[in-house]
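K.L.:
Protein chains in written order, with my numbering: chain A, 55 to 295; chain B, 55 to 295.
In case anyone wonders, no lab produced these hints; they're calculated from the structure. Any given hint could turn out to be false.
One copy or two, either will do: identical chains are not told apart, so a pair holds if it fits within one copy or between any two.
[As the list claims (entries may be wrong)] Within a straight-line C-alpha distance of at most 30 Å, the following computed DSSO-like cross-link-like pairs (lysine-lysine) qualify:
hint, residue 1, residue 2
1, 288, 197
2, 197, 270
3, 207, 58
4, 288, 251
5, 251, 111
6, 58, 251
7, 251, 226
8, 164, 251
9, 226, 207
So the chains spell out like this:
Protein chains: 2
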Amino acid sequence: MNNKPVLHTILSPRLLDIYDVSNSIVVIIDVFRATSTIATALFNGAAKVIPVNDVAKCIELGNATPNSITAGERDGKIIDGLSNGNSPAEYPRSFIEGKTLVLTTTNGTKLLHIALKNGADEVITGSFPNLSAVCDHLKLQNKNVVLACSAWKDKFNLEDTLFAGAVINRIKENFTIHCDSSLMAEEMYLLHKHEMKNFIRRTTHWHRLAAFGLEKDLEYCVSEDVANILPVYKNETLIIL
Amino acid sequence: MNNKPVLHTILSPRLLDIYDVSNSIVVIIDVFRATSTIATALFNGAAKVIPVNDVAKCIELGNATPNSITAGERDGKIIDGLSNGNSPAEYPRSFIEGKTLVLTTTNGTKLLHIALKNGADEVITGSFPNLSAVCDHLKLQNKNVVLACSAWKDKFNLEDTLFAGAVINRIKENFTIHCDSSLMAEEMYLLHKHEMKNFIRRTTHWHRLAAFGLEKDLEYCVSEDVANILPVYKNETLIIL
């Protein structure tokens, strides 16, 4: 009898509600750069990260929260009224330790809210900097998993898919997987895992962000286990499990 | 100056309206099996194919159209009230020549209607049996192109993606392509083009349909240029251009 839990990958927030996420762990993936920045800030000692989807709410929560940082970018520039940007490089321990990061993200936060509304049992965030922490957690829990790619304005993107593939490649023996998205994601990861920093130069998101001089940032975002903690969403904040 | 037309690939009907399809040729792709069957029926002399998305309309149009065949399946069986199924093998010249095929398809017809509603300039259908005809047409037209995968109940599928990749691989020099879906589709095609009939055994759709003894059908659907005509949608019917 096969009683392994089931794993699916979804390639855009628009496809999430096709799947039953109740009793599932949903992994929010936004490699460039929200979930890379979240892992990094928490790894470097941030007390918590509060993801919000609009600037007004970011400012409001920043004002209401002692010892907090407000962060968000549009078109590679810090948004007016916020203090910081979306780059993981902005959050070394010397700066972020003990603070609360209130972070505006569009793609990732939207997905997180859909997952919660649809009854996800647990929401965690993943990117290459915390790949092993995500995989170790999923293997231990013995629950159904949805790897949820944030995409870019609902359009499929490769960097999130590659991360989903990296996870699948490491944990597939523990799951039942009948899902073409997952099969594709793992194959794309296997095809490029030894040249990830070159391959990402071919993605549309690279071209969008490299125009703002963010090449080093993007290379960091596909570096495995450099901020290896597990962010879990509880009471509207992300904290280390 | 780069004035090549633009090509995008969309991986599910739910993602079509993110893209501007006005002034574009939309290629409807439903490899298993609607667009393979459509190419085959027209190649074998069908006068036209009328795609409809529900059974009642199929029966109504069948009754209203002289010398017509009604066709559709659910779960591998011919739908009650219709005369034929969805298999390309059911439409040899000896049977279909001169007839009108009224075909119920769910995934492909839905996509076709979204494309028309959103102002597509032209809608054609493609699958491996008419790969070259599709590519030759797209190269000649010098218009923007959207390769639209029908997917399965809105879920990403590999067989439609592989066909999109085959098209991209043959026509990419004629287009501007900044689209992660297209990059992925071409890479998946290149990875598997020499073992397509084996690889499709790993897809979810194979497992769904092979249970009904359709292995030969599915192998036919990934055979290149075996029914090499171009179906174009005009006045609610598909005819050979």
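K.L.:
State the violated hints by number, sorted upward, taking the hints as numbered earlier in the document.
P.N.:
Hint check: 2, 4, 5 fail, others pass.
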